[in-house]
Amino acid sequence: MNAGATKLAIRCTDVVKRYGTFVALDRVSTTIATGEVVCVIGPSGSGKSTLLRTMNGLETIDSGTVDVLGHTLPGPRRELETIRRRVGMVFQNFNLFGHMTVRENLVLAPMTARGLGRAEADEAAQKLLTRVGIGEQIDKYPAQLSGGQQQRVAIARALAMEPEIMLFDEPTSALDPEMVNEVLDVMRDLARGGMTMVVVTHEMGFAREVGDRILFMAEGQLLVDAAPATFFTAPEDERQKAFLSKVL
Amino acid sequence: MTFDLNALEADYPLVLQGLLVTLRIVFYAILFGAVGSVVLCLGKLSGRGPGYRVAVFVIDFFRTIPEVVLIFWVYSCLPLLFGLRMSAEVSGIVALSLFVAANVAEILRAGILSTEKGQLEAAFSLGLPAPTIWRRVVLPPAVRRMMPNFVNFLTELLKASSLLSTIGVAEIVYQATVLGNETFAYLEFLTAVAVLFFMLIFPLSLYVRRAETRHFKRTSR
Numbered sequence: 001m002n003a004g005a006t007k008l009a010i011r012c013t014d015v016v017k018r019y020g021t022f023v024a025l026d027r028v029s030t031t032i033a034t035g036e037v038v039c040v041i042g043p044s045g046s047g048k049s050t051l052l053r054t055m056n057g058l059e060t061i062d063s064g065t066v067d068v069l070g071h072t073l074p075g076p077r078r079e080l081e082t083i084r085r086r087v088g089m090v091f092q093n094f095n096l097f098g099h100m101t102v103r104e105n106l107v108l109a110p111m112t113a114r115g116l117g118r119a120e121a122d123e124a125a126q127k128l129l130t131r132v133g134i135g136e137q138i139d140k141y142p143a144q145l146s147g148g149q150q151q152r153v154a155i156a157r158a159l160a161m162e163p164e165i166m167l168f169d170e171p172t173s174a175l176d177p178e179m180v181n182e183v184l185d186v187m188r189d190l191a192r193g194g195m196t197m198v199v200v201t202h203e204m205g206f207a208r209e210v211g212d213r214i215l216f217m218a219e220g221q222l223l224v225d226a227a228p229a230t231f232f233t234a235p236e237d238e239r240q241k242a243f244l245s246k247v248l
Numbered sequence: 001m002t003f004d005l006n007a008l009e010a011d012y013p014l015v016l017q018g019l020l021v022t023l024r025i026v027f028y029a030i031l032f033g034a035v036g037s038v039v040l041c042l043g044k045l046s047g048r049g050p051g052y053r054v055a056v057f058v059i060d061f062f063r064t065i066p067e068v069v070l071i072f073w074v075y076s077c078l079p080l081l082f083g084l085r086m087s088a089e090v091s092g093i094v095a096l097s098l099f100v101a102a103n104v105a106e107i108l109r110a111g112i113l114s115t116e117k118g119q120l121e122a123a124f125s126l127g128l129p130a131p132t133i134w135r136r137v138v139l140p141p142a143v144r145r146m147m148p149n150f151v152n153f154l155t156e157l158l159k160a161s162s163l164l165s166t167i168g169v170a171e172i173v174y175q176a177t178v179l180g181n182e183t184f185a186y187l188e189f190l191t192a193v194a195v196l197f198f199m200l201i202f203p204l205s206l207y208v209r210r211a212e213t214r215h216f217k218r219t220s221r
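Line by line, the protein sequences give chains A and B.
Just so we're aligned, residue 1 is where the first sequence starts under the numbering used here, counting upward by one.
Just so we're aligned, residue 1 is where the second sequence starts under the numbering used here, counting upward by one.
Extracted from the complex, chain A is given alone in its bound form (with noise of 0.2 Å):
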């Protein structure tokens, strides 16, 4: 996708994160341009979900920087708002407000760090939520739900701050099976209109359909940076092919 566009929206450079003596990211280098969508994948404890996170500063890094949208990373506290503003996040657990209604949670961001009145802020989750196909759903609370709705709410409420990048921490993991696809079908959407994202997932399917490249981590390092067909049909790293053999 956007084969052309080499417009830089993600650079790591060097990213090490360590909890205590664990080492998370072992010196991950990358970069991802505008329009990419890029699946990161690799066994569980391999610090895919750690890397995503440092993108927007909800992970501190012990040394490198992370340059988002042309912010660099660690870096004063008002950059760090500014940068979440522009970048969106999906969590496993959705992560939605469970006191506030869906069109609560959907406007408050939009309304206090966007300026946006009220009247503005709801015909956009209204439209955002109509596109994730839940329109009817507004004055409900996230417990009245089902995980796949909850799931498509919280991307809304991630879009409702129109982010130029979206980061998805294993956005179908806590999902039961006949939910997962209306999620991805979500994100499919997202991916064909253009949206820079990136997807650490378990999904190999969407990730060799969607992505443009794989990330293959283990052990805290970038082992395999490589175009899906690639990356599924001719693995080379030895680690790859043992975590391919297990998953396909």
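I should point out that these hints are in silico values taken from the structure, not numbers from a laboratory.
Mixed in with the good hints there might be a few duds.
Going by beta-carbon spacing under 10 Å, a handful of chain A positions derived as facing chain B [to be verified]:
hint, residue
1, Phe91
2, Leu96
3, Phe232
Here the structure is a predicted model, which is why all the values come from computation and not from measurement.
Note that CB positions come from ideal geometry on N, CA and C, so glycine has one too.
We have chain A; now place chain B onto it with these hints.
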């Protein structure tokens, strides 16, 4: 010994007057104590520095000493130390305010600290400003979670307020004791006090029990 309800007939307005004094004292203690509790809670949440150390000391101190000691101490030592002259009722309000501040600070802190990490991360990742995160994301569910603990404490406070009778505050137990002295109908007056306390506190206990069941149902789903 007999139980003669007629003994109450002439003097029950005084008992009710005492009840009003009890409620007034509890009201002011909560009002002033709440302000103090927010300050103490923020101090303790700050996690370091002199504010933190003072808050931890104040909370631990006023939570550990017996209420009756606190009441006597405020009533008799504050005038000695600072030359403050306060009526018994004002002393009582000061003592109970300290009791409220220390205990409610811990209730607030527990409610705030039980905020799910995911809720905060969602708020951060949306780029919400800190005041909005506090006001819209952290506090509303935290307040809901702390309500049972707060109401529970309120019942303790109501009962503790009866200790003010020992310094001569004309609250309900004091009135009942005085009336008992005058009429020798101790049993009747103190029973009346017990009934009034039960009527005040039992609905609160019911609320707490219901809230806890609700919470249990929600979290065990």
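Given hint Phe91/A near chain B, where the shortest CB pair must fall under 10 Å:
holds, 6 Å
Interface hint outcome for Leu96/A [beta carbon to chain B under 10 Å]:
Result: holds, 7 Å to nearest chain B Cβ.
Does Phe232/A meet its interface restraint, that is, does its C-beta lie within less than 10 Å of any C-beta in chain B?
violated, 30 Å
In summary, the one numbered hint that this structure violates is 3.
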